[in-house]
Amino acid sequence: MAEVRDQLQELPRLKAWLTVGRGLPPSGAGGVLLLVPALLVIAAFVILPVLYSLYLSLRTSVGFGLEAYENFFAFAQYPMALWNTAYFSGVASVATVVIALPACLYVSTHRGIIFQLFLGALGVALAISGLIRTVSWQLLLSRSGMVDAMAQMLGFTDQPLDLLYSKTAVLIGMTQIMLPIASMSLLNGLRGVDHELIRAASSLGASPMQALRDVWWPQMRKPVANALLLVFTLTTGLFLIPALLGGPSDTVLGKLILSDMTYDFENGAARASVSGVVTMLMVLAATLICLAIGGKPFHRRSGK
Amino acid sequence: MTDKAVAAIRYKNVSKHYGAFTALDAVSLDVADGEFVTLLGPSGSGKSTLLGLAVGSITADSGEVALRGRDVRNLKPHQRNIGMVFQRYSLFPNKTVAENIAYPLAIRKIDRAEIARRVANSLEMMNLGPQSHRFPGEISGGQAQRVAVARALVFSPDLLLMDEPLGALDKSLRTGLQEEISRLQRASGIPTLYVTHDQDEAMFLSDRIALCNHGKIVALGEPRELYEEPASEWQACFLGEANILPVNGWRRAADHVSVDLAIGTTVTAKARDMLAAGTSAALMIRPEYVHVGEGVTPAMSAVDATITHLAFLGPRQRVSMEMADGTPLIADLRPWERPGHVGDVVRCGWNDHHSRLVEC
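Here the protein sequences line up with chains D and E, keeping their order.
One point on numbering: in numbering that gives the first Met the number 0, the residue at position 59 of the first sequence is 58, and numbering is uninterrupted.
One point on numbering: in numbering that gives the first Met the number 0, the residue at position 344 of the second sequence is 343, and numbering is uninterrupted.
Next comes chain E alone, as it looks inside the complex (with noise of 0.2 Å):
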């Protein structure tokens, strides 16, 4: 019925202002069939916008939205066939757990005891049983999640919208849900548009990730490629934890960069191919790739540091330190680690190819 090979919501130089404010930026994005793409930004970044496109809250200046190719201008906001998840679930307080989810279906005009019949499958698929008879005022936020999410996939739509559906949430209920949430997904294969701020969640649900900010997209790709090669410091940071570090100057040498440290060490890495000779950058590594005393291997590129502050956290230790110009590096340990004392100057290294030059 529907053409695979069409995206399932493609968004071509899309634009929108509100007044001087720049909400979306020429930002294009396809999200393809039975893919789970993630919209990752700080709040203001335009990543709900894009959701208001799409289900038609929000009329874009310029630029195309299509769903399945047909553009989104022909469709009013109830023909598109979009499941939404709503940040604040919107349940139909007057309605009962299974007559929230048979809403859609009733609305379709299905007949009776195929809308008993998918909503029970619904209701069992979601644990939501015993739930089925209740008002949404009388169920925890976890559960009202569920519901939310039942009622918007049991109506077997061409694209799902979630609006930060775990925000409301407790930590540890989020874990939870979010493996609900991506076993749903993956089971029926519906396209997902997921806005959350939480890199954790990003990283566990997505197959892409779109890294939003100041109404761009900075970034798309999948987990791993955005979090080892990010193209600038923002990113780094943004996705993760990094240690970044002053940069005087860099070469480009034949499969790596050659970097002058600010603290007058210099040391090889990677970068992108994209980032042009001249570039202002930095030298940006993850924590974990940080290793401290006994862990340097002469291999390694190494800096001296003084140990600030000390902590563990269990599954790895934490530790603060500082460089000789101030310039501040963490390192995550494993738990049998024994990198020293707070204010022992320790060596400090990293394998050049954990390293990377970002732009800043």
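Same shape as in the complex, but just chain D (with noise of 0.2 Å):
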């Protein structure tokens, strides 16, 4: 325990978010106080508006009904939109996830420089803003970009890739963009691997494919599903990317919702409160998804 908190010491934020719980008075109406602003806050930010919005979605010119989600439906634009967000935020997610587990791994059993410098890798990444990363990505893919001319070069190809503005470029943003942020995520999970525990597994037998199926992967499945599910929450609010990425086919739901608020609300407002809902549920479906991929906790009680 004395040695989790010792290595918490390193990641000041993370350390930060950890001992709020653990600071609290044990039990009692003194500790629950504490909550009251905090409840207060997101029942004023983010459950009012999310009733508002679904109040908004079910009001037709008439009272009250569908009519909205008929209309989502009937338009090509939406359901497309629809499918681009979950496609990008799917795939963004699962790729990130499968980008930064193996660096995240090998930091996360080193204490000291190689840790120092990946964190500090990771803070120069999240400071840089994701709009000059994004731009930076416009430069690199375009057609005479370094990409494109790196690829010529050494004969992958010999004519122009064409990667702007197509599916491929919003996702290679998309990744990057949340590498850094998945990173510390699972960073902080795959800490409290015990990479001891592989030891112990085989000494009594199992093979290193047994080892990884009844050690290591219970160990790892929930700050993977936690960084899943981040990515993918995150990735569906992002219409800068596809916009400045993507092609005229690419756009996000969040674009939709943006342009339906900004040049009609009169009748906009409906739709981008649909939008909203729709992306709501879907964000749930992730969830559960990810609750199903994180399974049980590691360190387990039996039910008293």
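Simulated from the structure, these hints should not be mistaken for lab results.
Owing to the predicted nature of the structure, the values given are computational and were not obtained by experimental measurement.
We put the beta carbon where it would ideally sit given N, CA and C, even for glycine.
Take these hints with a grain of salt, some might be off.
As the list claims (entries may be wrong) - Incomplete in silico selection of chain D near chain E, CB under 7 Å:
1) Arg-198
2) Ser-201
3) Ala-205
4) His-298
5) Arg-299
Claimed, not checked - Reference excerpt, derived from the structure (chain D facing chain E, CB under 7 Å, subset only):
6) Ala-199
7) Ser-202
8) Leu-203
9) Pro-217
10) Arg-300
Two chains, each in its own frame: build the complex with the hints.
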């Protein structure tokens, strides 16, 4: 326990999150009172707007009904944007976690300089504005950009790849933007992985594959699920990247919400609300999937 | 099935280096069938490296490690059939106590009824019945330790390795568990290699103790032999407490040695045959063999010393003294003896067959 706390010293941000819960008085009315401000803020800025957008999405010119939802599926651009959003978020979250996992696993077993360097690199990555990083991808992926030039120089292709303004470009951009965030989340979770358990399993006769299945994956599934969900949820709200790196057919729901709200508030509010509700349902579905991936907690207690 | 004449594990001239650091320097050791051998030494002496070689987490730079005659290089870690008890127990937190113990059996695809029977036996033998459906996070350190031992023994391994299994426990809890480990090991007859830096534990449990220092086994023998006949000052002081009296010179006589102590007295003592003439040496006497005042008989070798401290410890009392040249001398007396008071100059003596000339 003491060791875990020592390691947290090196993660000031995460330490702050984690110690908030532990620092509370053990129980009783006094401790619960500390939750009141947070609950009020959540009620005012999360729950009420959600309820209000539900209300807006169900209100029609004559009363209440599902008209806005019917319209949502009647216009081709909305289902397409819905599909795009799901596709971008889904692929980006899997890609991010797959790319970040090996490095985080390696770093999580180290302390000192390697760990500090990695955290520093993440900090720098986060400090550079996402807009700037997106724009640099625009330069890199353009017809005369570096990626094309390299690919042609190395002989992978003899004509321009035309990566910019495509789904691939959007995915590259999203994955890159999300990598440091996913790494933070993964690193925190993976610090709790006990690698000695693998040695224990192996000494008890488990082959490497069996040890992976019985000991390693059960420890990693929770952090992996958390990172997947984090990236998925955050990317559903990113509309700048598809706008800058994607083509006309790569619109996402966030972009439609923006234009609905900006150009035609009279009818747009209802449509935007429907998009919002649909996005919410999508995130809910992703949450359920990630709960399934996360499985039972690794450090278990029997229910009393 | 297994040949009893072949050592359970044999290390032959094994060396291991980490950069400039020598973890093991041409170490050889055999553990016979049914034997309990303890590797005792300070941290960094190479004792954990020896265990690592056996389980397969470390490979040797040179030399040979063989399990029942089979070279470990031909065996993957999970094929070695070695039970290992880790210092931090390494129980699986997502499995109950019973599931933890069943794991090595389940991996070996033993049928369910047989697993249930053996796990039940094991739980009963370790007094873990009430804990069988608890998770590792819900049991005490002592219980976790017993689960770890049960899990390592349940599949009847060819060899049991324990890496400071009692290191994380209270002193009072340790004694009970030492007895339990000893009882289980004798009952199962599984050869055991045990690592510790606690000398009492090593003496209590072992058939033989291997004293490790600087990547070498500096002494190997039964606890009594190592305690009573240490070869060097380091060994004498590492295993038990010892008075070390500086020596000016020594000569070998028929069956003893004649020793000139630095304070001027000449005494006779025992020495190993291996101690070569001219080696710089010191006289070693265990505190319990030093008599003070009335206890000194004319037949004993004797010196004068000033009492500097007296401590009553219950079963014994510790008398700290200083000889004329400043050499400290300690004596453990029976509780009823009256050695004198702090500041008194007293006569201290010992029987010659209790003092040994050791290399320093």
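Now the hints, each set against the structure:
no. : hint    : verdict
1   : Arg-198 : holds (6 Å)
2   : Ser-201 : holds (5 Å)
3   : Ala-205 : holds (5 Å)
4   : His-298 : holds (4 Å)
5   : Arg-299 : holds (5 Å)
6   : Ala-199 : holds (4 Å)
7   : Ser-202 : holds (4 Å)
8   : Leu-203 : holds (4 Å)
9   : Pro-217 : holds (5 Å)
10  : Arg-300 : holds (6 Å)
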